[in-house]
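Residue numbers (this note's numbering), protein chains in the order written: chain D, 466 to 576; chain U, 5 to 123.
None of these hints come from the bench; they were simulated from the model. All values derive from a computational prediction rather than experimental measurement. One or more of the hints may lead you astray.
Listed next, with one range per pair, are the computed distances between beta-carbon atoms [stated by the list, open to error]:
hint : chain 1 : residue 1 : chain 2 : residue 2 : range
1    : D       : Asp561    : U       : Glu67     : 14 to 24 Å
2    : U       : Lys18     : D       : Gly506    : 18 to 28 Å
3    : U       : Gly20     : D       : His541    : 11 to 21 Å
4    : D       : Thr533    : U       : Ser77     : 17 to 27 Å
With a straight-line cut-off of 25 Å between C-alpha atoms, the simulated SDA-like cross-links for lysine to any residue are [said to hold, decoys possible]:
hint : chain 1 : residue 1 : chain 2 : residue 2
5    : U       : Lys45     : D       : Thr485
6    : D       : Lys563    : U       : Thr21
7    : U       : Lys45     : D       : Glu519
8    : D       : Lys563    : U       : Ser101
9    : U       : Lys45     : D       : Ala551
10   : U       : Lys70     : U       : Pro90
11   : D       : Lys524    : U       : Pro90
12   : D       : Lys520    : D       : Arg502
Here are some chain D residues the structure puts well away from chain U; computed CB gaps all over 10 Å [stated by the list, open to error]:
hint : residue
13   : Ser473
14   : Gln499
15   : Gly508
16   : Thr533
17   : Thr543
18   : Asp549
Backbone N, C-alpha and C fix where the C-beta goes; we use that ideal spot for every residue, glycine too.
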Amino acid sequence: SQKIEQNSEALNIQEGKTATLTCNYTNYSPAYLQWYRQDPGRGPVFLLLIRENEKEKRKERLKVTFDTTLKQSLFHITASQPADSATYLCALVRRDDKIIFGKGTRLHILP
Amino acid sequence: GAVVSQHPSWVICKSGTSVKIECRSLDFQATTMFWYRQFPKQSLMLMATSNEGSKATYEQGVEKDKFLINHASLTLSTLTVTSAHPEDSSFYICSASHRGTGGGGYGYTFGSGTRLTVV
Chain D
466 SQKIEQNSEA LNIQEGKTAT LTCNYTNYSP AYLQWYRQDP GRGPVFLLLI
516 RENEKEKRKE RLKVTFDTTL KQSLFHITAS QPADSATYLC ALVRRDDKII
566 FGKGTRLHIL P
Chain U
5 GAVVSQHPSW VICKSGTSVK IECRSLDFQA TTMFWYRQFP KQSLMLMATS
55 NEGSKATYEQ GVEKDKFLIN HASLTLSTLT VTSAHPEDSS FYICSASHRG
105 TGGGGYGYTF GSGTRLTVV
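The shape of chain D in the complex, shown without the other chains (with noise of 0.2 Å):
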């Protein structure tokens, strides 16, 4: 069955630096994967999509890039703020056009 991993649970960075966020799928090769930001208590937020003949999507603050030989994507958000602090989660879109979530990392950005 398709798995996808987010390897950090949680994960503190310092405001102002790059945030990194890491998603590894197995036994899959997804259409598309889709980041997602969720607050506590909330349904999650669509970030951002990157495509598989991708390699990179940015978007304001965001960067998302997508290997399908490593099966990986990574999540950056750049001059992190304690406003971005929140769970992100890593999804794998299937071909039925289901949505496999990943655990998700629970950023904290210290001021």
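With chain D held as given, fit chain U onto it using these hints.
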């Protein structure tokens, strides 16, 4: 942007009773909606796919007689937890797919979730 409204945001019910959760797409039509369950510090687990005008498709291990899904219109899907037990206490979240602009691609919009507590 696309908005999905989920109601109620929290509910407490007695064991053995039924609870209905509503999920509405406010500014777009959603032929397909998804229902998830999330336990603390765990990932979202897909429970079922709700298709407008037809029966829902349940994931393996999800009891379709316990979690009744109705997708009566292009903007409304409901999840009813029947004969609820304490182990059904969880965070339930719906989502709908749409041709969004976020990230330049095909995004999914999630509801804000429903915290169900069965006592």
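Run through the hints listed earlier and report the numbers of any the structure violates, in increasing order.
3, 4, 6, 7, 11, 14 and 15
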